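Number of protein chains: 4
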Amino acid sequence: MAKKYDVIAIGRACIDLNAVEYNRPMEETMTFSKYVGGSPANIVIGAAKLGLSVGFIGKIPDDQHGNFIKRYMADAGVDTDGMVIDQEGHKSGLTFTEIKSPEECSILMYRDEVADLYLRPEEVSAEYIKQATNLVVSGTALSKSPSREAVLKAIAIAKANEVRVIFELDYRPYTWTNAEEVSIYYSLAARQADIIIGTRDEFDMLENRQGGDNNATVAELFKYSPQLIVIKHGVEGSYAYERDGKVTRGYAYKSNVLKTFGAGDSYAAAFITALHAGKGVEDALKYGSAAAAIVVSKHSSSEAMPTIEAIEQIMSEQAATYGS
Amino acid sequence: MAKKYDVIAIGRACIDLNAVEYNRPMEETMTFSKYVGGSPANIVIGAAKLGLSVGFIGKIPDDQHGNFIKRYMADAGVDTDGMVIDQEGHKSGLTFTEIKSPEECSILMYRDEVADLYLRPEEVSAEYIKQATNLVVSGTALSKSPSREAVLKAIAIAKANEVRVIFELDYRPYTWTNAEEVSIYYSLAARQADIIIGTRDEFDMLENRQGGDNNATVAELFKYSPQLIVIKHGVEGSYAYERDGKVTRGYAYKSNVLKTFGAGDSYAAAFITALHAGKGVEDALKYGSAAAAIVVSKHSSSEAMPTIEAIEQIMSEQAATYGS
Amino acid sequence: MAKKYDVIAIGRACIDLNAVEYNRPMEETMTFSKYVGGSPANIVIGAAKLGLSVGFIGKIPDDQHGNFIKRYMADAGVDTDGMVIDQEGHKSGLTFTEIKSPEECSILMYRDEVADLYLRPEEVSAEYIKQATNLVVSGTALSKSPSREAVLKAIAIAKANEVRVIFELDYRPYTWTNAEEVSIYYSLAARQADIIIGTRDEFDMLENRQGGDNNATVAELFKYSPQLIVIKHGVEGSYAYERDGKVTRGYAYKSNVLKTFGAGDSYAAAFITALHAGKGVEDALKYGSAAAAIVVSKHSSSEAMPTIEAIEQIMSEQAATYGS
Amino acid sequence: MAKKYDVIAIGRACIDLNAVEYNRPMEETMTFSKYVGGSPANIVIGAAKLGLSVGFIGKIPDDQHGNFIKRYMADAGVDTDGMVIDQEGHKSGLTFTEIKSPEECSILMYRDEVADLYLRPEEVSAEYIKQATNLVVSGTALSKSPSREAVLKAIAIAKANEVRVIFELDYRPYTWTNAEEVSIYYSLAARQADIIIGTRDEFDMLENRQGGDNNATVAELFKYSPQLIVIKHGVEGSYAYERDGKVTRGYAYKSNVLKTFGAGDSYAAAFITALHAGKGVEDALKYGSAAAAIVVSKHSSSEAMPTIEAIEQIMSEQAATYGS
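Protein chains in written order, with our numbering: chain A, 1 to 324; chain H, 1 to 324; chain D, 1 to 324; chain E, 1 to 324.
Please keep in mind that the hints were generated in silico from the structure rather than gathered at the bench. Heads up, some of the hints might be wrong.
Here are some chain E residues pointing at chain A (derived, C-beta under 10 Å) [stated by the list, open to error]:
| no. | residue |
| --- | --- |
| 1 | Val20 |
| 2 | Asn23 |
| 3 | Met30 |
| 4 | Gln64 |
| 5 | Asn67 |
| 6 | Asp81 |
| 7 | Val84 |
| 8 | Ile85 |
| 9 | Thr95 |
| 10 | Phe96 |
| 11 | Pro102 |
| 12 | Glu104 |
| 13 | Ser106 |
| 14 | Met109 |
| 15 | Val114 |
| 16 | Leu258 |
Which bits of chain A does chain E cover? Going by a derived footprint, with three or more residues having C-beta under 8 Å, they are [said to hold, decoys possible]:
| no. | region |
| --- | --- |
| 17 | 12-26 |
| 18 | 110-117 |
Here are the simulated lysine-lysine pairs, DSSO-like style, with alpha carbons at most 30 Å apart [to be verified]:
| no. | chain 1 | residue 1 | chain 2 | residue 2 |
| --- | --- | --- | --- | --- |
| 19 | H | Lys223 | A | Lys3 |
| 20 | D | Lys223 | E | Lys70 |
| 21 | D | Lys130 | D | Lys298 |
This structure is a prediction, so every number in the text was calculated from the model and none was measured. Even for Gly, the Cβ is constructed at its ideal location relative to N, Cα and C.
Put together the whole structure using the sequences plus the hints.
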């Protein structure tokens with residue numbers, strides 16, 4: 001039976017305020033452009049642009065920013081039936097960015113009392129999640145109650161209804177109380193996930209250690225539900241580990257880098273889309289890397305999400321040098 | 001390899017203030033006797049009295065009540081190395097009781113900002129838990145962060161070190177935000193437990209439903225770690241379900257009931273002690289029921305914990321009428 | 001025009017749990033007797049017993065302790081029309097006492113999230129306060145919002161309606177954030193009061209200093225509303241300063257001291273009653289001292305409040321030795 | 001003895017994010033320009049531009065926005081010795097504005113957990129305030145502890161050291177718990193102020209009523225410290241009441257209105273500057289109105305603060321039509 005949604009993501013949809021001026025620190029940045037942001041929102045916006053049928057579960061404020069977020073996501077092709085309007089005065093999260101240099105882009109986040117972390121478990125609909133093939137869970141949504149419980153409930157619903165759980169670690173050092181807490185909830189979610197995607201640093205947070213080893217990490221997680229684990233190592237590329245022992249290395253495409261933020265979300269969107277389309281892991285890694293290469297050359301995270309054509313153009317153009 | 005502790009419990013050790021005067025509502029009760037209280041504390045005090053080697057993990061206040069709790073438990077034979085003194089001014093939980101009639105005993109709990117709910121995960125020692133054969137987890141300790149995370153960590157340590165996890169549901173409608181939250185964390189803990197003990201009402205909280213069915217409950221939980229599930233039905237007695245399909249009914253012993261509180265803790269202490277001594281499930285249920293019959297005839301919960309001799313005397317005296 | 005109430009007090013009415021056993025620390029105290037407590041509650045109970053018409057404004061919990069407090073005060077002759085039942089689950093404050101020796105009586109207070117500190121300004125009735133000749137304000141009620149604002153509003157109503165404001169400093173190092181905060185609100189209240197009563201230590205808190213001087217203290221306060229300021233120096237007795245420069249020294253009566261708590265409240269009740277009856281300051285100081293001498297020889301604070309006859313008996317018996 | 005500072009203001013210095021695009025609702029506004037904002041910050045920036053020696057007391061975040069605020073104010077000529085850097089992760093308040101039409105400009109404020117409301121009384125220096133001729137107090141800084149106590153302390157210092165207190169009501173319906181609370185603290189501050197400036201609506205908040213009458217308002221306040229009270233009635237102009245009974249009406253100058261926000265701050269800056277320069281009340285009202293007329297025609301509040309020349313040019317150009 002075909003599901004109505006290829007992917008439903010749960011977590012935050014916020015506001016990015018990206019520096020208009022280049023090559024200056026945020027203190028000297030005087031103008032900011034507004035975009036929808038937040039990892040899970042970006043992933044479904046990206047996946048919609050790549051042709052998937054997507055939905056979103058999250059809480060947005062009852063104000064001008066909330067109105068913008070909902071309208072933008074709807075226009076981008078995201079089903080908003082799972083989006084809840086906050087009634088308690090909570091605001092949208094904000095991320096101010098600077099574009100100082102391709103290597104240096106500090107951000108400033110407003111995450112106190114934000115609406116997305118007030119999503120309650122009773123606001124998560126089992127009927128909605130059952131209609132999805134994949135549920136994308138963002139680690140940041142685990143950082144505080146009641147959003148934490150909303151996500152744990154969503155995972156339980158997905159597990160009970162054969163919805164594939166994709167856990168994007170998306171660690172942000174806000175809201176979390178301490179490293180023990182991160183590790184406890186990341187472990188609870190990871191053990192129930194089918195696919196896990198994160199950077200090596202994020203897997204270290206999951207394990208509450210420093211300098212962890214990929215082989216040990218995946219050996220431990222494969223004792224539980226995961227089938228596929230992608231560990232990203234920045235410029236060195238990434239490694240995809242499968243439960244049967246297969247390891248596939250992914251490489252980065254060349255890009256005219258403007259800034260680094262947004263890369264992870266476009267990577268996840270394209271990787272998931274490719275897997276969903278039946279591509280193999282090696283190809284999916286290429287789609288992810290190509291999408292990331294495009295977004296880092298553009299000004300935003302959400303608005304810059306590429307099309308399939310743009311991704312495949314890079315994949316064909318750079319095929320000769322790939323991996324060199 | 002012999003473990004140092006037969007049982008370590010994690011959760012609250014508090015103060016009970018029991019009515020000295022009988023047959024009157026709390027409003028007219030003018031004198032209260034002080035005892036150590038709190039389900040997991042009572043269980044290890046009871047188990048110590050029954051001959052087990054026990055330890056306790058919990059946070060107590062840095063005041064006169066905290067001093068009393070620690071000294072009383074040490075005197076009762078409980079190892080207190082895992083007890084942490086709160087440094088932030090939190091107080092001991094309090095439970096005022098009335099003894100209005102054997103059927104009617106209202107309680108009044110002080111649970112705001114209590115020390116036990118401030119136990120942090122980093123205060124739970126893996127080395128300590130590894131030395132135990134059984135870890136008793138109290139459901140109330142899951143009701144709020146950071147105690148919630150401390151318990152989730154303790155369970156993870158136990159699971160990784162072959163320490164048997166016994167989950168006493170111990171549901172108290174304080175501190176919990178709503179029924180969804182109870183169900184989410186009770187489910188997370190129950191699925192990782194080896195043994196679960198609770199009333200039918202408490203299993204309904206776990207399942208976030210009303211009027212649940214024992215067979216459906218155990219069928220669902222046996223998909224995960226549990227090997228033995230005891231569901232108590234008040235005066236109708238209890239049912240012990242084993243993973244292999246065996247069901248054993250337990251009956252209540254007659255008692256000269258003074259009040260009802262404390263019954264569950266003495267039941268758990270004796271049941272666990274009997275199992276640990278290698279008794280079968282049917283015998284363990286009898287030990288539990290006999291211990292409960294003794295405690296409900298006495299004034300306190302902790303101080304009234306019976307000896308093996310007292311339990312076995314009841315078992316022998318009432319053998320003829322048992323189950324009639 | 002005669003007012004309906006001689007005195008209305010605003011602030012906390014709580015529960016005292018006094019040690020039944022004597023000569024032992026609280027850790028070893030195993031039985032506690034329940035009384036109504038809290039400085040402003042004790043003062044109106046004491047004043048009622050001395051024959052005044054009194055009322056009380058405060059918030060009590062919707063539980064067994066709240067029911068007891070209201071019934072006890074009503075039975076003691078206190079009008080309870082100004083008492084509000086908390087609807088948000090807040091509890092009664094508690095004070096556990098030990099009776100270790102006449103010189104050493106530690107207490108243990110439960111003051112987190114207590115109902116009395118949740119009295120809101122909109123729950124304070126101007127119509128009620130207008131019916132009083134005197135409004136007694138307790139310093140502790142200023143320690144936290146919204147009780148703080150309720151008291152500031154009550155003072156404003158009193159000032160606008162020629163109700164005499166008596167400020168009992170009643171400093172308790174709970175709830176207050178820091179010494180600056182104490183000084184700010186004590187100063188705001190003191191400058192609007194007609195009569196101020198406190199210990200030298202409490203006046204030091206008001207001034208945010210140590211080792212303050214009475215003359216400097218009263219010189220500063222007499223710039224504002226106060227007409228009469230009583231500064232208590234423990235066993236050395238007390239000094240009453242009047243705006244016109246008159247200073248009257250008060251002495252302590254001999255007593256068979258059981259414990260020290262409760263002395264201040266009975267002192268205030270009798271002092272205010274005497275003033276209200278038209279006695280001079282010197283006599284009022286004697287009434288206060290005699291009442292205190294009685295209460296420190298008894299087990300409770302509220303229940304032990306003396307009658308006029310008992311006070312005057314001490315005053316007559318000890319007249320010869322007074323001041324010696 | 002000449003004071004070092006003509007004016008010191010206490011309260012918030014925040015970030016304004018003003019719509020770059022005109023004639024559209026905030027939802028459709030895609031670019032925002034960053035400015036320093038917050039009523040007391042704007043007032044001292046404006047006063048500095050008009051030639052006064054000014055200082056500022058407030059708490060700013062330890063981040064890029066905090067750095068910008070401090071540098072901008074220093075560059076504008078404001079002494080920043082009284083500015084405290086928050087060490088607890090609090091953020092700068094934000095105000096997003098739209099420029100929909102001259103009559104309609106909604107704003108969206110971020111005021112949860114903002115640094116300015118965490119200024120503590122112990123961070124307010126008596127030595128600093130003593131060096132000022134005028135202390136400008138912003139009503140919003142009274143909306144929450146500990147900023148509330150910091151302001152009450154600043155007022156007490158000013159009163160004890162003959163620093164003139166100017167209370168700008170600056171009512172914002174954020175943070176305040178309810179109307180009673182506003183009225184209580186506005187009354188406490190107003191009664192201690194020498195000069196009060198606000199709109200009729202703000203004086204209604206002070207009095208916790210609707211549709212208040214200017215004569216009644218000033219009659220009540222003149223019982224206390226105030227010498228001069230300015231009540232603004234929007235397009236109808238304003239009224240300045242003096243303690244001796246004199247009433248002066250002020251009128252608005254014509255302006256090419258772009259947006260309405262910022263008008264009050266520039267009005268206060270110019271009015272205070274004129275008074276400080278020894279102008280009469282009638283002239284001071286003209287300076288205020290002319291400054292407001294300039295700012296409402298410009299894009300920002302702080303950056304648009306006019307010079308004396310610009311103000312006097314308007315005053316001379318529009319002299320003929322003034323009051324018509």
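Here's how the hints hold up against the structure:
1. Annotation: interface hint on Val20/E holds; nearest CB of chain A at approximately 7 Å, less than 10 Å.
2. At about 15 Å, the closest approach between the beta carbon of Asn23/E and any beta carbon in chain A exceeds 10 Å, and the interface hint on this residue is violated.
3. Hint status for Met30/E relative to chain A: holds, with the closest Cβ pair at about 5 Å, below 10 Å.
4. Taken as an interface hint, Gln64/E checks out: its beta carbon lies about 4 Å from the nearest beta carbon of chain A, inside 10 Å.
5. At about 5 Å, the closest approach between the beta carbon of Asn67/E and any beta carbon in chain A falls short of 10 Å, and the interface hint on this residue holds.
6. For the restraint placing Asp81/E at the interface with chain A, the shortest Cβ-Cβ distance is roughly 20 Å, beyond the 10 Å limit, so the hint is violated.
7. Taking 10 Å as the C-beta cut-off, the interface hint given for Val84/E is violated, the closest approach to chain A being about 19 Å.
8. With 10 Å as the threshold, the beta carbon of Ile85/E stays out of range of chain A, its nearest partner Cβ sitting at about 14 Å, so the hint is violated.
9. Because the smallest distance between the Cβ of Thr95/E and any Cβ of chain A comes to about 12 Å, over 10 Å, the interface hint for this residue is violated.
10. Restraint check, Phe96/E versus chain A: the minimum CB separation of about 7 Å is within 10 Å; hint holds.
11. Proximity of Pro102/E to chain A is violated relative to the hint, the smallest CB-CB distance being about 19 Å (cut-off 10 Å).
12. Because the beta carbon of Glu104/E sits about 13 Å from the nearest beta carbon in chain A, more than 10 Å, this interface hint is broken.
13. Proximity of Ser106/E to chain A holds as hinted, the smallest CB-CB distance being about 7 Å (cut-off 10 Å).
14. At its closest, the beta carbon of Met109/E sits 9 Å from a beta carbon of chain A; the interface hint therefore holds under the 10 Å criterion.
15. Because the smallest distance between the Cβ of Val114/E and any Cβ of chain A comes to about 9 Å, under 10 Å, the interface hint for this residue holds.
16. Against a cut-off of 10 Å between C-beta atoms, the interface hint on Leu258/E is violated, since the closest Cβ of chain A lies about 18 Å away.
17. Here's how the region 12-26 of chain A fares: 4 of its residues keep a CB closer than 8 Å to some CB of chain E, so the rule of at least three is met and the hint holds.
18. A stretch counts as covered by a chain when three or more of its residues have a beta carbon under 8 Å from one of that chain; for the region 110-117 of chain A and chain E the count is 3, and the coverage holds.
19. For the proposed pair Lys223/H and Lys3/A, the alpha carbon gap of about 26 Å is at most 30 Å, so the pair holds.
20. About 40 Å separates the Cα atoms of Lys223/D and Lys70/E, which puts this hinted pair outside 30 Å; it is violated.
21. At most 30 Å may separate the alpha-carbon atoms for a hinted pair to count; Lys130/D and Lys298/D exceed this at roughly 35 Å.
In summary, the structure is inconsistent with hints 2, 6, 7, 8, 9, 11, 12, 16, 20, 21 from the numbered list given earlier, while agreeing with the others.
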